[in-house]
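Kindly produce the complete structure, drawing on both the sequences and the hints.
Line by line, the protein sequences are chains A and B. Under numbering that gives the first Met the number 0, think of the first position of the first sequence as 0, with each following residue one higher. Under numbering that gives the first Met the number 0, think of the first position of the second sequence as 0, with each following residue one higher.
All the pointers check out, no bait thrown in.
Heads up, simulated BS3-like pairs for lysine-lysine below, C-alpha to C-alpha not over 30 Å straight-line:
# : chain 1 : residue 1 : chain 2 : residue 2
1 : B       : K278      : A       : K258
2 : A       : K145      : B       : K15
3 : A       : K224      : A       : K102
4 : B       : K181      : A       : K145
Hints listed in this document are in silico derivations from the structure and should not be mistaken for laboratory results.
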Amino acid sequence: MKIVVCVKQVPDTWAEKKLDASKTLDRVSVDNILNEMDEFALEEALQMIAAHSGTVTVLSMGPDSATEAIRKALSMGADGAIHIVDDALKGSCAAVTSLVLAKALERIGDYDLVISGSEASDARTSVVPAMLAERLGIPQVTFVNKVEVDPAAKTLKANRITDDGYQVVEASLPAMISAVEKMNEPRYPSFKGIMAAKKKPVETLSIADLGLEADAVGLSGSWTKVNDSADRPPRSAGTIVEDEGNGGAALVDFLASKKFV
Amino acid sequence: MSQVLVLVEHTDGALKKVSLELLTMAKAVGEPAAVFVGNGIDAAADKLAEYGAETIYVADDAALTGYVVAPIAELLAKLVAEQSPIAVLIAATATGKEIAGRLAIKTNSGVLTDATGLSSDGGTVVAEQSIFGGATVVKSSATQGTPIIAVLPNATPPEASPAAGTRTPVSVDLSDAAKGAKIVDSVVEEKGERPELTEASIVVSGGRGVGSADNMAVVERLADSLGAAVGASRAVVDAGWYPHQSQVGQTGKTVSPQLYIAVGISGAIQHRAGMQTSKTIVAVNKDREAPIFDLVDYGVVGDLHKVLPQATEEVQKRK
Ligand SMILES: Cc1cc2nc3c(=O)[nH]c(=O)nc-3n(C[C@H](O)[C@H](O)[C@H](O)COP(=O)(O)OP(=O)(O)OC[C@H]3O[C@@H](n4cnc5c(N)ncnc54)[C@H](O)[C@@H]3O)c2cc1C
Ligand SMILES: Nc1ncnc2c1ncn2[C@@H]1O[C@H](COP(=O)(O)O)[C@@H](O)[C@H]1O
Chain A
0 MKIVVCVKQV PDTWAEKKLD ASKTLDRVSV DNILNEMDEF ALEEALQMIA AHSGTVTVLS
60 MGPDSATEAI RKALSMGADG AIHIVDDALK GSCAAVTSLV LAKALERIGD YDLVISGSEA
120 SDARTSVVPA MLAERLGIPQ VTFVNKVEVD PAAKTLKANR ITDDGYQVVE ASLPAMISAV
180 EKMNEPRYPS FKGIMAAKKK PVETLSIADL GLEADAVGLS GSWTKVNDSA DRPPRSAGTI
240 VEDEGNGGAA LVDFLASKKF V
Chain B
0 MSQVLVLVEH TDGALKKVSL ELLTMAKAVG EPAAVFVGNG IDAAADKLAE YGAETIYVAD
60 DAALTGYVVA PIAELLAKLV AEQSPIAVLI AATATGKEIA GRLAIKTNSG VLTDATGLSS
120 DGGTVVAEQS IFGGATVVKS SATQGTPIIA VLPNATPPEA SPAAGTRTPV SVDLSDAAKG
180 AKIVDSVVEE KGERPELTEA SIVVSGGRGV GSADNMAVVE RLADSLGAAV GASRAVVDAG
240 WYPHQSQVGQ TGKTVSPQLY IAVGISGAIQ HRAGMQTSKT IVAVNKDREA PIFDLVDYGV
300 VGDLHKVLPQ ATEEVQKRK
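Right, dumping it as structure tokens:
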């Protein structure tokens, strides 16, 4: 099986807290990590090729620094990586991101599965996988917590989490899967894995390599724009009381003052 | 006046509150036109008209709901091409956002997710989104195509505004690509009489501090006294104390109720991601240093097993 796993480098999820305290938005000093959700996608791919043999290629669009996230994916066990780097890509919206990833996937060709996380923790749009399936014209099997593939029959069967339960979904390969965090337990890179990752191939592509023009991507090619932004007055510090036997009643007093009771 | 398409969320005709909210928002920027997919229009039509739907496009072909997401996007794309609406509004649920994403690609249109408000700027529909945990409000618009806007539930109170509600049947010849992922079974988890988590105006959520599956009853009792939905942190769901549909957070549901009460929840960033746009936030936690207290309007530092029963009793007394 040939599996491509889409991974994104994102600011460390805890970074936001640091920002809250200092009240400045300094993205540069923020630590970057491999989007946690994408580790579940990668783990699933690694388990699939352990069971059915094949290769796992990591695909990532992002700045130079994203090589760290890619190395982490390689040290977990992916065979190789494709990194799309281009200054023109800065500020790309979800639609453009899916365009670039789709072009790269067309270039890779004859994949059986594309697996992504179900959400990147920075933008939190959760739409890239659906857009990618739309662009590639392959079945969309998203928000999956369990999947079985049959490489010989070229089919899969998955459980897709919904708002009020789950659906059992069947599709033929190639297909697009997005992983939720209940899918598996991502492995930690072993020392051997970390050493091996250094020798694994990482192909770097520009948007020209993908046949795209600079003005079709990035901020200029974006399909949406921010017209205006304003800081909300900060949440005024709340009232915090110690329970000295009447905490519950005090809480209800507060609720009543807000007309919830 | 230009149409604003509103994709209706319902279960066999029982409307979700968010659909009425969307109609109300649509009314402010154009002429609401509901798009109803699936069974049950007879049960839903009067209410859709009451809340402002001038037109109701009805598509009851079973194939539309028999495959994952793609068919509904295809139907909407056809309506966008035929009706040239000024915007399409979809509830910002997981599936709703995916429909929005696919529709955006099909129609070469900008998609704006997690909108909390709408306005009109010289005929262009502008979405308000709250980012960085509600600290910043941005106004965004689509630079191409028809703005496809995924709106968070509870963004506005539904307001009745009677309209014609003229039913118009619609259908679409689905492409093979739209039928790629077949739904062979649908399992709906029993949720009892409580309101739906993403729809509820009050949510009470329990965390690891609750201590056990049985103890979740303490949270349920407070929720029931307030007519609230019950949520949970991931720790609770992973421990098997409560069903996964109740998980609030980054990988659970995003809720934005009038009132959110976090009980025995530390307030990890992944949990906050799903609740920090709630209008009023209350927490009960025995640890004064728990990060959830950074967010609260009102917090009680104490043992939830003492505070909650007392609060529940007090609410009942005042009714
Ligand atoms: C990729 C990823 C996605 C995630 N997605 C989510 C998500 O969607 N939703 C989510 O919630 N988490 C999510 N998490 C997990 C998150 O990081 C936290 O681990 C989780 O939210 C912790 O749950 P908790 O607050 O219930 O437990 P804890 O952090 O253990 O907090 C328990 C709290 O209860 C308090 N407490 C204990 N006993 C009592 C008592 N008797 N009375 C009062 N207070 C008491 C303690 O002081 C403590 O603050 C995710 C993590 C990852 C890595
Ligand atoms: N720039 C990117 N490069 C590679 N994969 C991405 C990128 N952006 C998003 N993805 C994938 O799409 C998933 C969902 O992201 P999003 O739709 O942005 O929330 C992520 O978990 C990744 O697997």
